[in-house]
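> Listed in order, the protein sequences are those of chains C and G. If you count by UniProt numbering, then the first sequence holds residues 1 to 152, one letter each, in order. If you count by UniProt numbering, then the second sequence holds residues 1 to 204, one letter each, in order.
Hints in this document: simulated from the structure, not taken from any laboratory. In this text the structure is predicted, and so the values were computed from the model without any measurement. Some hints here could point you the wrong way.
Derived DEER-like restraints, expressed as beta-carbon distance ranges [said to hold, decoys possible]:
# : chain 1 : residue 1 : chain 2 : residue 2 : range
1 : C       : G112      : G       : S155      : 37 to 45 angstroms
2 : C       : E37       : G       : F43       : 52 to 60 angstroms
3 : G       : S62       : C       : I68       : 29 to 37 angstroms
We put the beta carbon where it would ideally sit given N, CA and C, even for glycine.
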Amino acid sequence: MRRLLLSACAGATCLVAGALFAQEAPRLTGPEPFTKETPAPPMQRQVTDDVRRKRNYPDQPPLIPHAIEGYALDLNANKCLACHARKFTEQSQAPMISVTHYQDREGNTLGGVSPRRYSCLACHVPQTAAKPLVPNTFVDMDALVEREPRGR
Amino acid sequence: MAAIARAWSWFWLNPWVRTATRPPVTLSLAFLTLGGFVAGVLFWGGFNTVLEHTNTEAFCTSCHEMKTNVFEELKGTIHYANRSGVRATCPDCHVPHQWTDKIARKMQASKEVWGHLFGSIDTRDKFLDLRRHLAEHEWARMKANDSLECRNCHSAQSMDVSKQNPRAAAAHEKDLFTGQKTCIDCHKGIAHKLPNMQGVPGWQ
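Chain G on its own, in the form it takes in the complex (with noise of 0.2 angstroms):
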């Protein structure tokens, strides 16, 4: 208990801390008050800035983790090669653009920033041996919310049928429009190379 007060009163008499605390005498209450919201802002600002350099593919593919196995695969498809040169970066399909979603998203992050010190993948092989388990992380995120990354790009609303091949145009009504399926229930492996699909539904 003594121990306790003797902290109390240690943290309370010293100097930085009575300057901090004491109420200001020479500086107007303005200045604080914009002081306080330059402060804000700037803080606010540099937070996202980082945020958004994280929300880069340069980011992404810094680590080689990712940039020998997911991006040499993306390379060959049509998300990053087509007729139109408009192409879809790692953060168009893995991060949600809702503020609160992203974040959340980023905090999950840490995990994989975790993983990359520890060297949970640094090799071919251990991401081998974990591609089904991450794989289907991704599935049940898209699944959940109903592929909103892919419709950021592709709106079923916009999807011309009859501009689509037969069998496209048989699936899509079938089934996305109706609301049965969302596109990762079909489109799975369209942007990398698959894990063992034995027991997904719809493989064999």
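One chain only, chain C, in its complex shape (with noise of 0.2 angstroms):
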């Protein structure tokens, strides 16, 4: 009997302790009930300035610096290669799409951009001035090896 309280009662601790951290985070469901349509929030704002930005780690598709409202990227047109490809970053001093980018899954480098690279905007994304709903707690890798001793 004493176990079976005290178990409900931890239960009952977690519960609460739950809702009320819950209480802190915004909702990120929608509204309540599910099916109540409220309006749209406003669109953010896109970061245009062209000042590339600094990746958070080696491997992160940097982010899209400039404008690319309206630009074609379907299976008959692929404007951002008509800049970035490397026939092409002479005429527009864009980065090239790195070596990556032509190669595929096994590794091997194509003689073209890889069919699994087509599609940039499934990696690159603009970036927009909306603050962070959650607090980020994410920490640099070289913040980390920074706080390591280095050599004697």
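With the hints as a guide, bring the two chains together.
Structure below.
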């Protein structure tokens, strides 16, 4: 009996604590009930100042620092490649897509852009000035390494 | 020979023709001159009114080929909706302002009416099949007139590159102001979806 009472108490505490914490975080699941329609929040402005952003880790697809509105990206035409493909970078002065964009998943380097890298916007996105909904506790790798003493 | 002579005299002896060719006996010279002038004005005005009517977006999109394909696509672009509310209509980009060029383009357009009547692009698939061909026509036309239609609204002289984003400013300074390239060389597909661009210079 005591055991049962104790576990009931623990359970209740957990639930209350959970509910308290949940109140702090913003709702991410839309209105309550979910069938209710709410007005869409205003679109955030994109940062299009042409300043290349630092990557948070070497493998991160870099953010797009320029406007891409109206750029064709479908089976017929890829506007991104008209500047970023190897043969057009002299004219456009854009950074060339790196060699990984020419490799298939086995790591073989192909003659042209790999089909899995054709749809640029699947990985590269513009940044907006929106405030994050939850605080971000990401720590840069370099910050971790700097704490380690180097050599003697 | 005799048949021709018969037809000739039949024509000239026809009462209507005789009336029309007889010198006027009751009308004054002033009336005839002024009347001719007024009739000319009416005809010219009417001609130009009809011409102007065919020069509106409502006319261009009155046939479903244009309405369901290109017009729908235009609606999503900056030339239809933007922050300042100034917009471009079909004739702004597709019909020259100069009268002679306009007439030439209108005569070409009669072929497009023909295409409409015989249904050469009356389905989306047929339109997409012909799209590259149609687009190349417009590119060649704009290349030949140095993108005159674009320049009717956007003048290179009034472009303040310091207000443009650096990518635009660099490209315009390098190739536009030096006359190396014209708008349509770099700005294809600003108003509609593009056809298959394989082999078009600058695309891959």
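> With reference to the structure, classify each hint as holding or not holding.
Results for each hint:
no.: 1; hint: C:G112 to G:S155: 37 to 45 angstroms; verdict: holds, 39 angstroms
no.: 2; hint: C:E37 to G:F43: 52 to 60 angstroms; verdict: holds, 59 angstroms
no.: 3; hint: G:S62 to C:I68: 29 to 37 angstroms; verdict: holds, 34 angstroms
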